[in-house]
Amino acid sequence: MDILVVLEDNHGSLHRMSREAIAGAQQLGESITALAIGQHASLLADKLSGVDLAEVLTVSHELVSSYNADGYAEVVRQIIEAESPQLIIAGHTYQTRDYMPRVSAKCDIPFIPDVISAEDGSYVKLVLNSKLNATVSASSDTVILSFQSAAYSDEDLVPGSCASRPFEVNLDTAMVRSETEEPFQEDAGDVDLESAELIISIGRGIEKEENIPMVFDLANALGAEISASRPVVDSGWMESFRQVGSSGQTVAPKLYFSLGISGAIQHVVGMKGSKNILSINKDPDAPIFEISDYAVVGDLLEIIPKLIEALQTEKNS
Amino acid sequence: MKIAVLIKQVPGSESPLPLNSTQTWVDEPQVTYTMNPPDNYALEEALLIKENVGDGEVVAVSLGPERVKKVIREGLAKGADRGIYLEENSQIETDPLSIARSFASVLQDENFDLILTGLQSDDAGMGQTGVLIGELLGLSTATLAVQTNIQDEQIRVKRELESGWFQWVKLPLPASISIQSGLNTPRYPSLKGIMGAKKKEIRVIPASEHQTAEKTQTIKKVFVPQTTKKTEVIEGNADTAAARILEILKSDVKVL
Ligand SMILES: Cc1cc2nc3c(=O)[nH]c(=O)nc-3n(C[C@H](O)[C@H](O)[C@H](O)COP(=O)(O)OP(=O)(O)OC[C@H]3O[C@@H](n4cnc5c(N)ncnc54)[C@H](O)[C@@H]3O)c2cc1C
Ligand SMILES: Nc1ncnc2c1ncn2[C@@H]1O[C@H](COP(=O)(O)O)[C@@H](O)[C@H]1O
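In order, the protein sequence lines correspond to chains A and B.
Each residue of the first sequence is one higher than the last, beginning at 10 in our numbering.
Each residue of the second sequence is one higher than the last, beginning at 54 in our numbering.
Take these hints with a grain of salt, some might be off.
[Unchecked claim] DEER-style ranges, computed between Cβ atoms:
| id | chain 1 | residue 1 | chain 2 | residue 2 | range |
| --- | --- | --- | --- | --- | --- |
| 1 | A | K284 | B | G249 | 49 to 57 angstroms |
| 2 | B | G107 | A | S22 | 45 to 53 angstroms |
| 3 | B | K245 | A | S204 | 47 to 55 angstroms |
| 4 | B | P82 | A | K217 | 29 to 37 angstroms |
Please keep in mind that the hints were generated in silico from the structure rather than gathered at the bench.
Nothing here was measured: the structure is a model prediction, and the numbers come from that model.
We put the beta carbon where it would ideally sit given N, CA and C, even for glycine.
Next comes chain B alone, as it looks inside the complex (with noise of 0.2 angstroms):
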C-alpha cells in the first residue's frame, strides 16, 4: 500500500496573529507554526494502515516556504518512509485550484493507492484540496472520514455527517481521502524516529516545476471581525474574578 498524506504547516492555536503591513495575511515572522491538526490524524492514519497491511510506504507531503520542511521531518520521526517538499517562494498560497495542481502535477506519477488529507487546514480553511486531487487526478473521492478499513482493491469509509449521524461508504482504490480529527490517537516520535528521519530522503520539487496554474481566487484583504453585540469585560485577578461570575449567576442570569 503506498500511501501520500499531506501535511500543512498552519499557525498554532495560541499563536498571536498580528496582520502584516499590507493587512493580506498575518505577518509570519510574528507566528509560531505548527502541523495542521487533522493532518496529524491523517498521518497517523496512514501509518497504521502500512502496519496493518504488513507492507507499503507513507510519503510526507507538503507545500509552502522553507519553514515548512519542518513537518515533514516531523512526518518522517513519527514513521513516514520519505519526504516531497513543493517549494512555493511568494506570500502564503491560499487557491486552493491552484495547489491541487501543483499536488497532482507531483502525485500523479508516483501512483499512489491513497492520498490522505485532512478536512480543512487550521489557516485558510478551504476544506477541499483532497477532494480537488482526487477528482483531478481521476481517484474516488470521500471527506470527513472517522474510520478506515481496506478491502482488497477497496477502501471502506465511515463519514461523519452532521448533528450526530455518520454513513459508510465504499470507494475503489487508489482514492483520495479527507481525514476527520478524532479517528485515532497520533503518536509521539520516538527518540530513535528523530535520529532516523535525519537519513530519510526529502525530494526537493522547484517553484517552476510545479507552479503552471493560474490563480483562480486571491485573498485581498484580511481584517478583524467587528461585533455589534454588547458584551461585559471582566478582567483582574482570580479572586475578582470568581465574585464577579458569582453575581451575574445569582442575580443577572438568575441560574442559581
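So that you can see chain A by itself, here it is in the shape it has in the complex (with noise of 0.2 angstroms):
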C-alpha cells in the first residue's frame, strides 16, 4: 500500500508525533513517502536520513515558507493528485486539525481523525470526550488519517535509508488569501510545574469556584503544586499558565494527584507521564481511572476535607 506521512515542522525540529505517525505507517504498509512543506524541509528530510521509508518529499516555495491553512492545503492536495496514495497519515496535531479537513474537503477523501490503532481498513478513534472508542471504516479506498499522541511509539520507527526528492509545487498568491503571524508565547506565570514532585489537580467536578480554597488548604498541608484541567481555567478560577494538557503544561510529578478530572485525551496527554496517579473520580468509568494507579470512586468534596482533617491529626500526635 502507498502511504504518504505529511511532517510538520516543530519550531525548526520534526514534530514528536510525525515520528510517531511514521511509525504507525510502517506497520500500515510498505511504500511510505514522508512529506515535508517549508523553509525547514530538508532539514525535516535529514532527521529521516535512517529511517526506512520509500523517499522524502521537499516543498519550498516561498507561499508556503512558514505555515499557512490555504498554502498547505493546497501543496498536499497536488501531491495527492500527482502521487496517489492509498492512505494520507499525519499526527493528530492542532496544525493537522488546521488545514487537514481542507485538504480532505478539496479531494472528497474521508478524513477520520483521533486514530489510536488501525488494521486493514477499520480505524479505531476516540469518541465522547474518550469515554468510548469507536471502530470507523469509509467507504472510500483512499483515506486521510490523523493518530493520537502514543497511538504508536517512535522507538518501532524501522530504521534503513530514503532518499530525498525536492517537488514542484505551483502555487499563486490567490490561493493563500489568509496572513499568518510569527507564533509567540505568553508570560508563563511564576509556578513551575515541571520541577514538582507533587501536583494537585483541579477538574470540573471541583462544582463551584467557591470550593477551591479547599485544594490550596491540602495542596499547603502536603507541599503541593496546584494544577487544572481546562474548563477550570476557562471558567476564570485558575490562572492559564496551570493548565496541563495538550493547551498547555505537560508534567511529570512522582504524584499527580487529580480531583474531577474527567481523563480527555487532551488533559491525559500533559500528565501521563507521571511516575504515579492518584484520581478521585465519583464516576467509576471516568476514563482517568485507566491510566491511574490508585482509583478513589468516590466524592472530591465530601473526601477533601476528611483528608485534610487526617493530615493535620496525624500532624498533632
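The task is to assemble the complex, starting from two chains supplied on their own in separate frames and drawing on the hints.
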C-alpha cells in the first residue's frame, strides 16, 4: 500500500507526532513517502535519513515557507493528485486539525481523525471525550488519518535509508488569502509545575469556585503545586499557566493527584508521564481511572475535608 | 454582519453512556443532552461581534433528530435572531463530509459573512465540520480561535497552538472560524429572552432537501476502552478513602 505521511515542522525540528505517524505507517504499508513542507523542509528530511522510507518529498515555495492553512492544503492536494497515495497520514496535532479538513473537502477523501489503532481498513478513534472508542470504516479506497499522540511509538521506527526529492508545486498568491503571523508564547507565570514532585490538579468536578480554597488548604498541608484542567481555567477560576494538557503544560511529577478530572485525551497527554497517578472521581467509569495507579471512587467534596482533617491529626500526634 | 453559529446537541459530561443493542452508538433514550460546550462559546462570540459591529443577524443552526431543536431555542433565548433546523431522522449521523455538505447546501444561499462552529463536538469528536464547510463554500478558514477582531472586510483571529503558543491570522471575509473554549464568558438567557424566543422563527429543512451526499465514513462499533494497567480501586465512605489516601502519600508513593 502507498502511504503519504505529512510531516510537521515544530519550530525547526521534526514534531514528535510526525515520527509516531511514520512508525504507525510502517506497520500499515510497505511504500511510505514522507512530505516535508517549508523553510525547514530539507532539515526535516535529514532527520529521517536513518529511517526506512521510500523517499522524502521536499516542498520549498515562498508561499509556504512558514505554515498557513491555505498553502498547506493546496500543496497536499497537489501531491495527492500526483502520487495517488491510498492512505494520507499525519499526527493529530493542532496544525493537522487546521488544514487537513481542507484537503479532505478539496479531494473528497474522508478524514478519520484521532485514530489510536488501525488495521485492514478499520480504524479505532476516540469518541465521547475519550470515554468510548469507535471502530470506523470508510467507503472510499483513499482515506486520510491522523494518529493520536502515543498511538504508535517512535521507538518502533524501522531503521533503513531513504532519499529525498524536491517536489515542484504550483502556487500563486490568489491561493493564499490569509496572512499568518509568527507564533509567540505568553507569560509562563511563576509556578514551576515541571519540576514539582507533587501536583494536585483540579477538574470540573470541583463544581464551584468557592470550593477551590479547600484544595489550596490541602496543597499547603502537603507542600504540593496546583494545576487544573481546561474547563477550570476557562471559567476563570485558575490562571491559564496552571492548565495541564495539550494546550498547556506537560508535567511528570512523582505523584499527580487529580480531583474531579474525567481524563479526556487532551488532558491526559499533559500528565500521563507522571510516576504515580492518584485520582478521585465519583464516576467509576471515568477514563482517568484507566491510567491511574490509585482510583478513589467517591465525592471529592466529602473526601478532601476528611483528608485535611486526617493530615492535621497526624501532625498533632 | 450576518453570522451563522452551528450548535450541536451532545451528551452532557455527566450523562450515563450505555451502549445501544447493536453496539453502534450510545443508547439515546438513556442519555441526557446539552449544548456542545465550545458551541456555547461560539454563540457568545457571535452575539458579541454583532453587538460590537452594531447591526446584523445571528442565526443558530443545528442538524439532528427532533430533540436538537432544544439547543436552537436555547440559542434564540440567549439572543440569536432566528434558527435553521436541518432534519435528520436516522441514527446519529457521524460522517463529517456529508454533514458538511448538508450544511453547505443550506447555508450557501444565505451569504453569511461569518460561520462560527465549535472546534470539536463532544460526541463524534471529528474536529473538522467548520473547516469542511468553509472549504466547500470557498470561504477562508481558521481553527482554535481564542480571540477575534473584525476589521472592515477582514477578521483577525488569535489561534491557539500547542503547549502555550499562539499565532495571529488575518483572513478576508466571508470566513468559517472554529472556536476554542474559554475565549469569552457565555451569557445565560434572561427571562425576557426565553419568552421572546418563542416568537422567533425556526426554519425547518427536511432531510430530503439537504441529504444528498453519499456517506464516506461510518461508525461500525463502539466499545469501552480496555486497559492493562494495574489499578488499586478504593471505594467506601469518605473516612476510609481519606485514610487510605494518607497511607498512599506516606508509605506507597512517599511524598510526605
Ligand atoms: C484542541 C483541544 C485542546 C484541549 N486542550 C486541553 C488542555 O490543554 N487541558 C485540558 O484539561 N483539557 C483540554 N481540552 C478539553 C478536554 O477535551 C476536556 O474537555 C477537559 O479536559 C475536561 O475537563 P474535566 O475533566 O475537568 O471536566 P469534565 O469532563 O466535565 O469532567 C469532570 C469530572 O469530574 C467528576 N466529578 C464531578 N463531580 C465530582 C465530585 N463531586 N467528586 C468527584 N468527581 C466528580 C465527573 O465524574 C467527571 O469525570 C482540549 C480540547 C480540545 C478539543
Ligand atoms: N449536527 C450538528 N449540528 C450543529 N452543529 C454541528 C453538527 N455537527 C457539527 N457541528 C458543528 O461543528 C463543530 C465541530 O464538530 P465535529 O467536526 O463533529 O467535531 C461543532 O462544535 C458544531 O459547531
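How the hints compare with the structure:
1. K284(A) / G249(B): 49 to 57 angstroms: With a Cβ separation near 55 angstroms, K284(A) and G249(B) satisfy 49 to 57 angstroms, so the hint holds.
2. G107(B) / S22(A): 45 to 53 angstroms: holds, 47 angstroms
3. K245(B) / S204(A): 47 to 55 angstroms: Holds: the Cβ-Cβ distance is about 52 angstroms, inside 47 to 55 angstroms.
4. P82(B) / K217(A): 29 to 37 angstroms: holds, 31 angstroms
No hint from the list above goes unmet by this structure.
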